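Since the structure of chain A is provided, determine the placement of chain B on it from the hints.
There are 2 protein chains.
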Amino acid sequence: MSLSMTENEITLAIIQALKEGKRKQFQDILEELHPYDIARQYEHLPNKHKNKFLVFLTIEQLTDLIQELETEDQLEVIQKMGIEKSSKVLDMMENDDLASLLTDLDPEQIEELLGEMKQEESAVVQNMMTYPPETAGRVMNNRYVWIPKYYTIREAIAKLKHFAEIAQYLNYLYVIDDEKKLVGVISYKDLLLGSIDDRIEDVMFNRVVKADVLTDQEEVAKLISRYNFVSLPIVQEDDTLVGVVTVDDVIDIFIQEANEDIEKLSASGKSIDFKTNPFVAAYRRLPWLILLLFIGLVSGSIISNFEDTLQSVVALAFFMPLIAGMTGNTGTQSLAVVVRGLVSEDLEFKQVLKLIVRELWVGIIIGITCSILIAIIAFVWRGSFPLGLVVGSSLLLTLIIGTLAGTIIPLVLYKFKIDPAVASGPLITTINDILSLLIYFGIATAFISKLT
Amino acid sequence: MSLSMTENEITLAIIQALKEGKRKQFQDILEELHPYDIARQYEHLPNKHKNKFLVFLTIEQLTDLIQELETEDQLEVIQKMGIEKSSKVLDMMENDDLASLLTDLDPEQIEELLGEMKQEESAVVQNMMTYPPETAGRVMNNRYVWIPKYYTIREAIAKLKHFAEIAQYLNYLYVIDDEKKLVGVISYKDLLLGSIDDRIEDVMFNRVVKADVLTDQEEVAKLISRYNFVSLPIVQEDDTLVGVVTVDDVIDIFIQEANEDIEKLSASGKSIDFKTNPFVAAYRRLPWLILLLFIGLVSGSIISNFEDTLQSVVALAFFMPLIAGMTGNTGTQSLAVVVRGLVSEDLEFKQVLKLIVRELWVGIIIGITCSILIAIIAFVWRGSFPLGLVVGSSLLLTLIIGTLAGTIIPLVLYKFKIDPAVASGPLITTINDILSLLIYFGIATAFISKLT
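Line order of the protein sequences matches chains A and B.
Under my numbering, the first residue of the first sequence carries the number 1, and numbering increases by one thereafter.
Under my numbering, the first residue of the second sequence carries the number 1001, and numbering increases by one thereafter.
Just chain A, same shape as in the assembly (with noise of 0.2 Å):
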């Protein structure tokens, strides 16, 4: 195959062989192309020629295949691949990947589909879907390597060759002792380097970083990007080595966390992306909204309850979006921070005590400053020196407290353990939205005699 061919003319290359049967100009074609090229050449081929697609392929190109598919589209080559071909590939499938594409179906579908495997590997997948989500458990996988401790590096770089083929990534063995606990760590690096009789127990990393099966994911994912592993050995409460978590399984938890902020913070509901239908991603934006229309209705009783301040100075009214407004997100920038700032560092106490004492000064600086400029926009547009000076003096109010609320309220939720970036939506800007408007009606009120 040409090097300069575009993804088009491979494409259509592909088609061409299809057409004319040619399975050895076909696997040619494909020989140079990475897993995740193929499944884009799959995807995009015309319905007509999939069947064919498949059939053209070996067993490790159709497990390549299905890796880098999407369910959906995992289903549909299960499907159209008969039982015997797929009992194969779903034996040879990475457990993690197995794992995620059986998390999305019904028990029906999970029992059919286990039921075709080999009783080891379905074994072994059952056994991992009984770790909670998101657990280390849950994304772990078997391409590791490891060698009893009483190898000499000779036989180690014996085992290594014959296991190159599963193994993922060979920057490390693990080494295990009769009972199957961990208990040392060498790099590839130090085998190349060491002499070739030595024992492994001899040269080997005694202190091993390693996570418990029921780690968080998150908490796995710091600690492989903390040290720069390409993996990291998961453990069983007595130490037996159960599995590793590799680094392209971090770069996926680190994208899925912070976009599970990003929904959080932006309100926006659970997995919405561009492929959900109308009607789900909508039924996932509801509660937020209706929740919002809630509070937008405790904000609205607070207005009516002085209603008649509002009567006597409709000029109030003017003001009333840009202080709840700003309120609102001075709170949520703060928020940002707080919640953006755990992903990288464990806070201590200390710490906390003078993040919230900075976020005071920064909330007293941005108020200062904007309350002197409201003061003299409302002065100079309204031609009212006391309706400025209740304008201005509540918004330098308001802004100090909802930096505060940002703050101190998400690092409450962590101490006891909640998702800070919960604390968004609802209690930040409901909060906000109620204390600023009490503020302003308050002091409007106490000065009405002024402002009328």
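FYI, nobody ran anything at the bench for these hints, they're computed from the structure.
One should not assume that every hint holds.
What the hints assert, rightly or not - Covered stretches of chain B (chain A as the covering partner; in silico rule of three or more C-beta atoms under 8 Å from a C-beta of chain A):
1) 1252-1261
2) 1281-1294
3) 1316-1330
4) 1362-1376
Being a predicted model, the structure only gives us computed values, none of them experimental.
Note that CB positions come from ideal geometry on N, CA and C, so glycine has one too.
Only chain B this time, still in chain A's reference frame:
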């Protein structure tokens, strides 16, 4: 060192060794620690022990340590080490870490540091600094192994062994021709499984996935994560191999990009973390807040244009925060879906149309649901059927428009290569605020005779 020692016990043992001046004992403790652990120990050490700690470290350990520290601490360590040691450490540092240290310094400090280094090392880093920030050229490093295409597998393994110390990940070797052009890649796995006298160019993979030095770092990160690579070769325009970007950098890039998205969506200002001082943090947050203040004034002046309507039906003010808030929120929801969707997918025109139609339907569904709800509530609360109708129909219209604005505006920005996340603060909020108030008071004014 005992394996069961906690971090605190290790700290105590380190202080003990430092006090007694026992370097051997100190090194025994450090032997089992990873660079990340050593950096944490250094950070937590009382100030009076830090100098001795640095004296006891080898140049390799100092290099590892400095690469794990934050800029401020890096500079402190460089100063404490003195010229002679620090020039050696700078020479040994990884290019990308050094470049990122230099990015945060002023020109004088950069010159001083580069002056201490070997010329060939400083030339490499200075060259990296000529690429724009957030491009492949800026984050690449030279911890990879290349081989000429005429090598045999035997020669390749010999070279690999020789360079094992510098190559961080040993998964692939890059193959170049006589002009240093990248012509192929071979995985370590293939070296292990091939026969020892095969020529590299006969067994290598010809179709190399690579990126140009000027590629955006986010694109590079996408490529690496899609293909599950541990490193991606970076080439100049003429295909000369100049570096690799490795998977650990990809994790940092994804975290950085997610943080940038959140900063922009929450309008929280650039790079504020737990350590930013309050004046800097306030200074970075203020521009958005002042912009929002003026946007609030625009809303205020719209309301003031409907002063007569508001004067005759003060109850209209009660629903103002609700309508503006809901419209803003549905816009932010759509925006978040679009911004995060674009992280993992490249949109084609057909999909864009589909997405807009999808969001139109979402807007209609949530619009109908919420407007029926609010119409009933408004009617029951205020006992006015026309008021319920005005509030309900306004909300229906504003929710549909808000949803579409939150979808279309970021897509248009994306099309014109402007980061769509920027849209949040100023654009979506302004447009939705202004439109919702215009619609609400417009409808109310039209039915004013029924409302009073």
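message: Hint by hint, where does the structure go against what was stated? Just the numbers, ascending.
response: Result: no hint breaks.
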